[in-house]
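Residue numbers (UniProt numbering), protein chains in the order written: chain D, 1 to 545; chain P, 1 to 545.
Keep in mind the hints are simulated off the structure, nothing from the lab. Certain hints may be false.
Same chains, same names: a pair is fine if it fits in one copy or spans any two.
Pairs of lysine-lysine, DSSO-like flavour, derived with a Cα cap of 27 Å [claimed, not checked]:
# : residue 1 : residue 2
1 : K193      : K487
2 : K195      : K489
3 : K119      : K150
4 : K150      : K193
5 : K487      : K195
6 : K278      : K541
There are 2 protein chains.
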Amino acid sequence: MSEGNEKFVQDNNQQVGSSSEDPSPKEGAGSEKRQQKLSKAERIALRNQANSENSLVSKIDYLSVHDDTTQNFGEYHLIQSQAVAASASRVFSSVSSLNKDRVGEQVWIRARVDTIRPKGRSAFLVLRQSQYTLQAVVSESDRVSRQMVKWISKEVGEECILDIYGNVVEATVKSCSQHDVELQVWKLYIVSKVKGRLPIRVEDAGRPEWQEGVHVLRDTRLDNRVLDLRVPSQQAIFRIQSGVCQLFREILLREGFIEIHSPKIIAGASEGGAEVFKLNYFGQNACLAQSPQLYKQMAICADLDRVFEIGPVFRAENSYTHRHLCEFTGLDIEMAIRDHYFEVVDVLERLFIGIFEGIRQRFANEIELVQQKFQISPITYLPPGQNPRLHFPEAVQLLRENGYVIEDLEDLSSENEKALGKIIKEKYGTDFYTLASYPASVRPFYTMPKADDSRYSNSFDMFIRGEEIVSGAQRIHDWDLLESRVKAKNIPLSSIEDYMNAFLYGAPPHGGAGIGLERVVMLYLGVGNIRECSMFPRDPKRLRP
Amino acid sequence: MSEGNEKFVQDNNQQVGSSSEDPSPKEGAGSEKRQQKLSKAERIALRNQANSENSLVSKIDYLSVHDDTTQNFGEYHLIQSQAVAASASRVFSSVSSLNKDRVGEQVWIRARVDTIRPKGRSAFLVLRQSQYTLQAVVSESDRVSRQMVKWISKEVGEECILDIYGNVVEATVKSCSQHDVELQVWKLYIVSKVKGRLPIRVEDAGRPEWQEGVHVLRDTRLDNRVLDLRVPSQQAIFRIQSGVCQLFREILLREGFIEIHSPKIIAGASEGGAEVFKLNYFGQNACLAQSPQLYKQMAICADLDRVFEIGPVFRAENSYTHRHLCEFTGLDIEMAIRDHYFEVVDVLERLFIGIFEGIRQRFANEIELVQQKFQISPITYLPPGQNPRLHFPEAVQLLRENGYVIEDLEDLSSENEKALGKIIKEKYGTDFYTLASYPASVRPFYTMPKADDSRYSNSFDMFIRGEEIVSGAQRIHDWDLLESRVKAKNIPLSSIEDYMNAFLYGAPPHGGAGIGLERVVMLYLGVGNIRECSMFPRDPKRLRP
Chain D
1 MSEGNEKFVQ DNNQQVGSSS EDPSPKEGAG SEKRQQKLSK AERIALRNQA NSENSLVSKI
61 DYLSVHDDTT QNFGEYHLIQ SQAVAASASR VFSSVSSLNK DRVGEQVWIR ARVDTIRPKG
121 RSAFLVLRQS QYTLQAVVSE SDRVSRQMVK WISKEVGEEC ILDIYGNVVE ATVKSCSQHD
181 VELQVWKLYI VSKVKGRLPI RVEDAGRPEW QEGVHVLRDT RLDNRVLDLR VPSQQAIFRI
241 QSGVCQLFRE ILLREGFIEI HSPKIIAGAS EGGAEVFKLN YFGQNACLAQ SPQLYKQMAI
301 CADLDRVFEI GPVFRAENSY THRHLCEFTG LDIEMAIRDH YFEVVDVLER LFIGIFEGIR
361 QRFANEIELV QQKFQISPIT YLPPGQNPRL HFPEAVQLLR ENGYVIEDLE DLSSENEKAL
421 GKIIKEKYGT DFYTLASYPA SVRPFYTMPK ADDSRYSNSF DMFIRGEEIV SGAQRIHDWD
481 LLESRVKAKN IPLSSIEDYM NAFLYGAPPH GGAGIGLERV VMLYLGVGNI RECSMFPRDP
541 KRLRP
Chain P
1 MSEGNEKFVQ DNNQQVGSSS EDPSPKEGAG SEKRQQKLSK AERIALRNQA NSENSLVSKI
61 DYLSVHDDTT QNFGEYHLIQ SQAVAASASR VFSSVSSLNK DRVGEQVWIR ARVDTIRPKG
121 RSAFLVLRQS QYTLQAVVSE SDRVSRQMVK WISKEVGEEC ILDIYGNVVE ATVKSCSQHD
181 VELQVWKLYI VSKVKGRLPI RVEDAGRPEW QEGVHVLRDT RLDNRVLDLR VPSQQAIFRI
241 QSGVCQLFRE ILLREGFIEI HSPKIIAGAS EGGAEVFKLN YFGQNACLAQ SPQLYKQMAI
301 CADLDRVFEI GPVFRAENSY THRHLCEFTG LDIEMAIRDH YFEVVDVLER LFIGIFEGIR
361 QRFANEIELV QQKFQISPIT YLPPGQNPRL HFPEAVQLLR ENGYVIEDLE DLSSENEKAL
421 GKIIKEKYGT DFYTLASYPA SVRPFYTMPK ADDSRYSNSF DMFIRGEEIV SGAQRIHDWD
481 LLESRVKAKN IPLSSIEDYM NAFLYGAPPH GGAGIGLERV VMLYLGVGNI RECSMFPRDP
541 KRLRP
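In isolation and in its complexed conformation, chain D is listed as follows:
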């Protein structure tokens, strides 16, 4: 990289002269136009003035940087809304907007220093703004004093935030996202500095495992998550995560759902399990909801008809695996059905394929960044309605045919799930499929038994690449049947009294499903560890940051 940089830097220096004469600046070109028209003598005078003044650089008022007589480098006073109003006199350009079309423009950008490399009478910076990077070069010239270059080399470090005013010039910078331009720096101010030493370098945190160089352990990255999240591929993951949520909602609103918010602090255990976080609620025993399950069903009993919720769910499960978190974001749906729980599967299939397609279209750049780092291939799927739906006994048979040992009514192990994923991929050509009619014994008490064989249930899981992304079912809407299931599972009726009562007053047939947002993102992108897809993950060993 460094060699390539040097080469183009020379090209760049040659271009500086011509582009600074460019008579048609397109943006932010108010007072700059005047400055361009200064005679050479005036410029030298200005430069000398700066040189003498800046032996001790004092702090700069950010409101004055448009003024030609203001020093063209330095550190701002703390930005404290000193301006009279919000009206920014400067127009800032985004790094991502800078490309060949804007060559010859003078622009303001505010960006972070990814790397800085002083070299003789120049300094070469890579600037970073979210997942976009741009090279900037400060070289001693008519506009730029030796003092300025020296000051920058000394004062500007990695992860500083800068305001830079400069000239967009053509260049080839393969290592930056903006690979056909660079910025020739005319003014440079420090907005925010790093205090002390960086615990990890962002460049190291972002280095793919397969690439030579310094690597930072995941735990160290997560300990310093604020720095780690600045890695462009990490930024991309969270932009995609945001996109998944938005597509989830867009599609469900289109399907007639409304969004609800159910309580997270509840009396009793949300699904009767033991793995709950307990708390004291003004003297009463309470716990954190393990899912919105009971409340979303109550919303259906309250005639909201089709509901979804996006919210945290809490599992006090002492599992330390690549796919478990103790707090994650649940994507939940619940809907009245007319006849059959496959009505829910139909919605989910449209939903997921809508999400897959939407992400592919809206976040192509982000997917590429993540895939570059993790070296993974995109998932395959068929159009809605064409992805296989196997019933549990069929899956058992497929596994047996392929030499796996499994009991009829036993849940699938992770290994068997993975194996089944491969078998189905080979047979049907898709990474995405549904497995239905699970044994009743491996599903929660509220799952509707199969009408003609109560050993099985009206339940399903959906998979990507052999890993479960959704779990759902028809729910029992009949109070008597529900009561018998609660008793059979030895759950104290008193612990779910409010839930039970909801089925006394005429409950509609209904079904739904629960999805883990982080898991969907992990499996869609093939990232390999769920912690990469949680901004500040929580597992049995991690409560911070």
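Once you have looked at the hints, place chain P on chain D.
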């Protein structure tokens, strides 16, 4: 109401004959067409057959109801996905879709019984589907046996869920949302029954305070929230709430924000306050986040640039007022700013006016339902940028001019806020305005002090009708200044170590705001109590349902 009903019922009976001869049924008219062509003799034979068979009504298979030989009334077997696939052979119409344009059609609907009134050889039902109601009439006729009417009068109670097949006829039913049609019932099946007695009647729960009749206390309603939520105006509130969330996101995504999910279980107290819910996290002390404040700021330090979050926030505050909840849905934003925190206010003003306008346009029907019940007028506001922004000293002066007593650096009491709301409404003609530059002493430690007068801060609240809906500020992004404020407020640095560290590595100037979803809905609609806008509210006295 009953008189009107009787009158139109007679009209209806006259229309039956003609509409059953209608040669152009538009929907669900497969097998029905055949049935219409039965001769009178055949019909009578069918009717007699039914009469003799139905002395003891057995349960009906819901897959068979299209079959002419199946009894045309009864209770279904439990719907347990008996159908082979999701393909519903029946097309159901929504209650809201039935109007004059569909007169003469035969339709299936699945709806709940709002009220039922047997009367001689007829029974009059009001059917309810979410916020829509429709009158249905069963009258003895060629198609409907006396036995059927008797059975319905005996077996069908309020809040039952029914499948009804019937003929849409013209009628005037002022008391129903579908006021120009009613359904003449040909087939009726019970999908789901009520078990035991209803603890409250939905009609009573929905009765406006100003209207004569039985009223249900709010606490009783909330104790039976699943029934209470079936009230059309309550349904409307939650559809509007869902709409507010969606508009919030749509507008912020357009403004370049992304959605994040910050952890709710945190080590230490989220803002250093005492009013937190504590819990045990695998042997470590933890608590529930009082807001996403610290984490959304960390997301900005991690270069996510503009973020929002919709999620639960938890306040162990022993306040029992009309506007406090112990768990509510926070709408939070945080953004890097260039120069001034009014950049945040600009975004928020566009956001709120976008929400107000969006709700008005998309939920006109729902707003009307709520306003009918609570007898409130819509709020007034000016276009974005034109709503007043007062600085705190100006507000103090306005209050003093109007005879209120207030110290220079004292926070506004609720009474003073309300008074100010009235003064501003009178002076500027808007219910919506911003109050900025609060005294530093009444704002949290992370609030940026005013540059030229540190007694004040770069903070603001936004109001509707004199009640705060948003609280926001520029945040301190400088570690040293932040540290001095933390110390001044006697917060142990160790309790917010991760947060503090985020400011060591070059933090951008930023600001943001927090909003309570339930409060926005309450104030926009003028509902008067925040519990009406929380599906399952939590206050110091209420942990259930």
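Quick rundown of the hints versus the structure:
1. For a Cα distance limit of 27 Å, the shortest separation of K193 from K487 across copies, 22 Å, qualifies, whereas the shortest one inside one copy, 63 Å, does not.
2. When the C-alpha separation of K195 and K489 is checked against a cutoff of 27 Å, the pair qualifies only between copies, where the shortest distance is 23 Å, while the shortest distance within a copy is 57 Å.
3. Proximity of K119 and K150 under a CA criterion of 27 Å is satisfied intra-copy only: 10 Å inside one chain copy versus 97 Å between copies.
4. When the C-alpha separation of K150 and K193 is checked against a cutoff of 27 Å, the pair qualifies only within one copy, where the shortest distance is 17 Å, while the shortest distance between copies is 83 Å.
5. When the C-alpha separation of K487 and K195 is checked against a cutoff of 27 Å, the pair qualifies only between copies, where the shortest distance is 19 Å, while the shortest distance within a copy is 61 Å.
6. Taking the shortest Cα distances, K278 and K541 sit within 27 Å of each other both inside one copy (18 Å) and across copies (18 Å).
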